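If you read the protein sequences in the order shown, they are chains E and W.
Residue numbering for the first sequence follows the working numbering, starting at 1 and increasing by one per position.
Residue numbering for the second sequence follows the working numbering, starting at 1 and increasing by one per position.
No lab work stands behind these hints, which were simulated from the structure alone.
The model shown is predicted, which means the values in this text are computed figures rather than measured ones.
Some hints could be false.
Claimed, not checked - Capping the alpha-carbon separation at 27 Å, the derived lysine-lysine pairs in BS3-like fashion look like this:
| hint | chain 1 | residue 1 | chain 2 | residue 2 |
| --- | --- | --- | --- | --- |
| 1 | W | K127 | E | K21 |
| 2 | W | K79 | E | K275 |
| 3 | W | K127 | W | K204 |
| 4 | W | K196 | W | K210 |
| 5 | W | K28 | E | K264 |
| 6 | E | K275 | W | K204 |
| 7 | W | K53 | E | K264 |
| 8 | W | K145 | W | K204 |
| 9 | E | K275 | W | K28 |
| 10 | E | K261 | W | K79 |
| 11 | W | K53 | W | K79 |
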Amino acid sequence: MADNIRSIFRLYRLYAVMDLKWLIQDWTNTIIILVSESLQTLSSMAGVLLLAVRFGGVGGLSADEVLFLLGFYELAHGVAWMIFGNYNIAHISRRIGRGQVDHMLIQPRPLWMQLLTEGFMPFSGSFGLILGIVLTVTAVSRLHIALSPLWVLMLCYYILIHIVLRLAQSAMYGSLAFWYPVACEEISSTILDMNTQVARFPLFGLPSWLMAVFHTVLPIGLLAYLPALALLRDLGIHVEITLPFIVAGVFVTAAVILFQKGLKHYEQYSCQRYKDMGHRC
Amino acid sequence: MSNTAVNATKTWDTVVELSHVTKYFDQKRPVSLFKRENHRVYALNDVSFTLRKGEFAAYAGPNGAGKSTTFKLLSGMLKPQQGEVRLFGMEPCASRIPVMRRTGILFGNRSELWWDHPVRASFEWKKAVWDIDDATYDRISAEMKELLGIDDFWNSFARELSLGQRMRANLALTLLHDPELVLLDEPTLGLDVLAKRQMIEFLKKINREKQVTILVTSHDMDDLTEMANRILLLSGGSLAFDGKYDQLVQMAGDNRIIKLIVPGEAPALEGAVYLGREDGRHLYRYDASQTTAQQIFGAISRVPDVQDVELGHEAVEQVIARLYQNML
Numbered sequence: 001m002a003d004n005i006r007s008i009f010r011l012y013r014l015y016a017v018m019d020l021k022w023l024i025q026d027w028t029n030t031i032i033i034l035v036s037e038s039l040q041t042l043s044s045m046a047g048v049l050l051l052a053v054r055f056g057g058v059g060g061l062s063a064d065e066v067l068f069l070l071g072f073y074e075l076a077h078g079v080a081w082m083i084f085g086n087y088n089i090a091h092i093s094r095r096i097g098r099g100q101v102d103h104m105l106i107q108p109r110p111l112w113m114q115l116l117t118e119g120f121m122p123f124s125g126s127f128g129l130i131l132g133i134v135l136t137v138t139a140v141s142r143l144h145i146a147l148s149p150l151w152v153l154m155l156c157y158y159i160l161i162h163i164v165l166r167l168a169q170s171a172m173y174g175s176l177a178f179w180y181p182v183a184c185e186e187i188s189s190t191i192l193d194m195n196t197q198v199a200r201f202p203l204f205g206l207p208s209w210l211m212a213v214f215h216t217v218l219p220i221g222l223l224a225y226l227p228a229l230a231l232l233r234d235l236g237i238h239v240e241i242t243l244p245f246i247v248a249g250v251f252v253t254a255a256v257i258l259f260q261k262g263l264k265h266y267e268q269y270s271c272q273r274y275k276d277m278g279h280r281c
Numbered sequence: 001m002s003n004t005a006v007n008a009t010k011t012w013d014t015v016v017e018l019s020h021v022t023k024y025f026d027q028k029r030p031v032s033l034f035k036r037e038n039h040r041v042y043a044l045n046d047v048s049f050t051l052r053k054g055e056f057a058a059y060a061g062p063n064g065a066g067k068s069t070t071f072k073l074l075s076g077m078l079k080p081q082q083g084e085v086r087l088f089g090m091e092p093c094a095s096r097i098p099v100m101r102r103t104g105i106l107f108g109n110r111s112e113l114w115w116d117h118p119v120r121a122s123f124e125w126k127k128a129v130w131d132i133d134d135a136t137y138d139r140i141s142a143e144m145k146e147l148l149g150i151d152d153f154w155n156s157f158a159r160e161l162s163l164g165q166r167m168r169a170n171l172a173l174t175l176l177h178d179p180e181l182v183l184l185d186e187p188t189l190g191l192d193v194l195a196k197r198q199m200i201e202f203l204k205k206i207n208r209e210k211q212v213t214i215l216v217t218s219h220d221m222d223d224l225t226e227m228a229n230r231i232l233l234l235s236g237g238s239l240a241f242d243g244k245y246d247q248l249v250q251m252a253g254d255n256r257i258i259k260l261i262v263p264g265e266a267p268a269l270e271g272a273v274y275l276g277r278e279d280g281r282h283l284y285r286y287d288a289s290q291t292t293a294q295q296i297f298g299a300i301s302r303v304p305d306v307q308d309v310e311l312g313h314e315a316v317e318q319v320i321a322r323l324y325q326n327m328l
């Protein structure tokens with residue numbers, strides 16, 4: 001156990017150094033990446049924010065509350081992206097569908113450890129996180145939220161739920177690439193993009209059946225909307241704490257089962273295609 | 001056939017052991033718009049052999065013979081339907097981590113290098129992931145730099161390397177953790193003559209000096225006969241031959257191929273049989289046990305306007321065909 005923890009931190013340090021070296025090896029490249037990341041993030045949140053400002057709120061939230069929702073989303077997504085965003089770890093169906101799992105199988109490390117560490121990019125992948133912190137702090141200050149240790153703990157809990165749900169969905173659907181490498185090569189990206197596009201909207205006012213869907217089988221509401229509501233208002237129903245935990249648990253279990261079944265299939269059939277684009281790209 | 005049964009005997013120094021391994025793939029083939037037909041393709045069929053410490057064996061066979069499947073089985077990427085695969089006495093799928101610490105694997109058409117980083121970054125990455133201590137890392141990377149000439153492109157990005165450079169860097173990376181067993185799948189693929197020679201010399205050296213067990217695949221008989229002291233010939237998923245090159249020559253004949261570029265019709269070459277024309281060159285075959293190279297060069301020298309001559313072994317497919325023909 002202690003050895004594993006030491007190894008994980010050694011690998012995080014390794015990938016952090018690699019990320020920093022990659023970022024500073026070409027400053028033009030770095031600037032282009034930062035500018036394009038900024039434009040992409042800002043433009044994707046502009047729609048809902050402008051609507052909220054124009055109409056003094058949207059979907060049952062005031063403009064400042066929408067700002068908090070967006071801030072929370074960027075914060076949680078930023079943490080997930082910073083830890084798992086590199087080399088297609090978050091988009092695992094690409095690695096599976098491109099026959100690149102072979103490269104992981106010849107490393108003397110457990111697969112879970114590789115998946116936990118290889119995507120770490122604290123320098124090139126931190127823009128979303130910084131933006132998330134700025135937006136969240138701004139919204140908290142404008143809304144005069146009284147910060148307490150419990151509130152911060154809740155914030156961390158919802159960030160963790162966000163990360164787990166995103167990765168579990170990516171791995172669960174991405175495992176289909178073990179069986180259908182061509183058709184499902186991009187399925188993790190498609191799922192994550194769908195999450196990104198819908199999760200930034202306040203969901204209040206939707207039909208109850210759709211709300212139920214968005215908080216269970218397609219848990220988009222658990223990524224930002226429900227956490228934002230729980231952090232902004234005392235809902236007093238406790239479901240806002242237990243439901244994300246249960247749903248995340250179900251998704252993680254399904255992802256682990258499917259991924260292991262997929263690996264068994266891979267041991268029998270391997271992948272009939274291999275894309276040599278630098279094997280982690 | 002030949003020595004298979006003898007070589008399958010397990011001893012204390014057995015590094016690789018395949019025991020009655022069968023691996024097949026079930027495929028669904030479209031026969032009409034809506035109908036699919038199940039088809040079973042045998043990649044390996046009851047294959048057995050062992051490799052002992054310090055052996056340098058060539059795993060030869062035409063494309064589709066099952067070479068890469070064997071390597072995937074040995075690397076723990078695939079599991080056989082029947083039989084057992086063991087490396088250092090362990091099953092590679094179940095004991096992946098300890099097996100990989102002692103094994104170096106190189107697939108000729110794949111790269112372990114980090115694409116958007118300098119070559120040295122891939123070495124530093126491997127040092128950390130494989131837990132290679134500083135002394136071993138310094139010693140082996142210095143050796144590799146000298147013997148494989150990777151110092152010249154140590155700071156170049158992997159994506160910018162030529163095929164030969166990439167192959168050398170990959171080989172060096174494969175050997176960085178000082179493996180006891182090295183599995184090389186088509187390591188000379190796409191290399192020019194000089195790079196190929198460097199690689200072969202290097203492999204022979206580490207086999208001789210460090211007693212590293214090497215299993216190398218290729219479909220080029222010239223490379224294989226030069227590299228290895230034992231040849232395992234695979235045909236249609238079965239082992240057609242397992243023994244020394246001399247024994248193979250005894251069984252299949254020592255036929256060589258002459259490729260001659262001359263204008264016009266194919267001239268007659270004394271001591272050689274004309275096979276036909278391929279890529280603008282006339283192809284001849286001669287039996288090296290009957291006709292000496294001196295006699296052949298004498299015959300070629302009498303042909304007017306010879307533009308180019310190339311000599312080599314028969315293609316592995318032809319060796320296998322002759323092997324079966326002679327055994328019937």
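Inset, instruction - Compare the distance between the alpha carbons of W/K53 and W/K79 with 27 Å, and conclude whether the hinted pair is satisfied. - result: Measuring from Cα to Cα gives roughly 24 Å; hence the hint holds.
Inset, instruction - For the pair supplied as a hint, W/K196 and W/K210, confirm whether the alpha-carbon distance does not exceed 27 Å. - result: 21 Å, holds
Legend entry - Given hint W/K204 paired with W/K127 - CA-CA distance at most 27 Å: At roughly 25 Å apart (the allowed maximum being 27 Å), W/K204 and W/K127 satisfy the hint.
Legend entry - Straight-line alpha-carbon gap E/K275 to W/K28, limit 27 Å: With a Cα-Cα distance of about 23 Å, the restraint between E/K275 and W/K28 holds, given a limit of 27 Å.
Inset, instruction - Please work out if W/K28 and E/K264 have their alpha carbons no farther apart than 27 Å. - result: Between W/K28 and E/K264 the Cα gap is close to 19 Å, so the pair holds against 27 Å.
Inset, instruction - With a cut-off of 27 Å on the C-alpha distance, tell me whether W/K145 and W/K204 pass. - result: The hint holds at about 17 Å.
Legend entry - Holds or violated: E/K275 to W/K204, with C-alpha atoms at most 27 Å apart: 31 Å, violated
Inset, instruction - Could you grab the alpha-carbon distance between W/K79 and E/K275 and see if it respects the 27 Å cut-off? - result: Judged against 27 Å, a Cα distance of about 22 Å means the pair holds.
Legend entry - E/K261 paired with W/K79 [C-alpha distance capped at 27 Å]: Within the cut-off at roughly 14 Å; holds.
Legend entry - W/K127 paired with E/K21 [C-alpha distance capped at 27 Å]: 17 Å, holds
Inset, instruction - Starting from W/K53, check that the Cα of E/K264 is at most 27 Å away, please. - result: Violated, because 31 Å separates the two Cα atoms, which is more than 27 Å.
This entry does not satisfy hints 6 and 7, going by the numbered hints stated previously.
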